[in-house]
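Starting from the known structure of chain A, arrange chain B on it as the hints suggest.
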Amino acid sequence: MKAEAQALKGHLDALLLATLEDGPRHGYAIKEALRDGSGGRFDLPTGTVYPALHRLAAAGLISGSWSQADGRRRRSYRLTPAGRRRLAGDRASWLEFSTTVTALLEGAPWPATT
Amino acid sequence: MAGHDLIDDYLARLARHLPADAVAELADGLAETYDRQLSAGLAKDAAATAAIAEFGAPEVVLAAFVRQSPGRRTALILLACGPVVGACWATLLISEHAWTWPVPAGLRLAFGLALVAVVAALAYAATARTAYRRTRASAPGCLVLLLLDAGLLATAATTVPALRWPFALAAAASLTRMTLTARALPRLFG
Chain A
17 MKAEAQALKG HLDALLLATL EDGPRHGYAI KEALRDGSGG RFDLPTGTVY PALHRLAAAG
77 LISGSWSQAD GRRRRSYRLT PAGRRRLAGD RASWLEFSTT VTALLEGAPW PATT
Chain B
1138 MAGHDLIDDY LARLARHLPA DAVAELADGL AETYDRQLSA GLAKDAAATA AIAEFGAPEV
1198 VLAAFVRQSP GRRTALILLA CGPVVGACWA TLLISEHAWT WPVPAGLRLA FGLALVAVVA
1258 ALAYAATART AYRRTRASAP GCLVLLLLDA GLLATAATTV PALRWPFALA AAASLTRMTL
1318 TARALPRLFG
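So the protein sequences, as listed, match chains A and B. Numbered by my numbering, the letters in the first sequence go through residues 17 to 130 in order. Numbered by my numbering, the letters in the second sequence go through residues 1138 to 1327 in order.
So that you can see chain A by itself, here it is in the shape it has in the complex (with noise of 0.2 Å):
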């Protein structure tokens, strides 16, 4: 969905760090967690995910490590220790802001201006 993806981005790259924080994953299965994860909201195009992976691996976020699977040449990520310190920094700049977004939205009482 188009909407979805839209707003996605600015918090891809957190989301891409959470599939992997229970151990790795390769990009295939990466995307398919984000899908259903999300209960089928967050369904990007499978290619589009791979050039995500290697800029976090780039950035020292993530690492990959082939293998070989059904005959395949198989790349799976894991994160590094760079990778979970960013997810929890993420993870807890995201619970505030949504905390207080929703707050507000919820209807707590605006402070009064002169």
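In short, the hints are calculated from the structure, not lab data. Zero decoy hints are in this set.
Stretches of chain A that chain B covers, calculated by requiring three or more beta carbons in the stretch to come under 8 Å of a beta carbon on chain B:
no.: 1; stretch: 36-49
no.: 2; stretch: 64-73
no.: 3; stretch: 84-97
Values in this document were obtained by computation on a predicted structure and should not be read as measured data. C-beta: ideal position from N, C-alpha, C; glycine also.
Relative to the frame of chain A, chain B by itself:
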């Protein structure tokens, strides 16, 4: 390959632009997507079509690779900070009357031409849309830029009579850019 002409054609199209490792990774993902579609009960042709649709059109995939390539990203950063570094050096060169420095005219011309070539290479990489190979133009551009910064810095250091603020400003700008460029180089040539 996944064993279907549509998929093989799709991968061959990507392989004309992308590095072999990236294509191998895409081939694995596409084969898995195809297998899932077959397992879901689709016939071979329908499964291949569905797998390709799920992966995205080649232009979409190529554009994503180009957009996130280290070559294009580095080129954009260097082009953005170029005017700032240039302004710092212009301040120094004007305040120190650089036209009186004992630098041969041929060397000045070579420096100017090399600088123009660097800007052209970076602009070529930065404006790539689906042509991944274009993003590689930033690698030689960065290397030459590193040499130009070092040369300019060495020339100024041996020519400017005393350490004054315009020199400190220009040196700081160039050293920052050299650090940035040197850190990017392994990714660009990798």
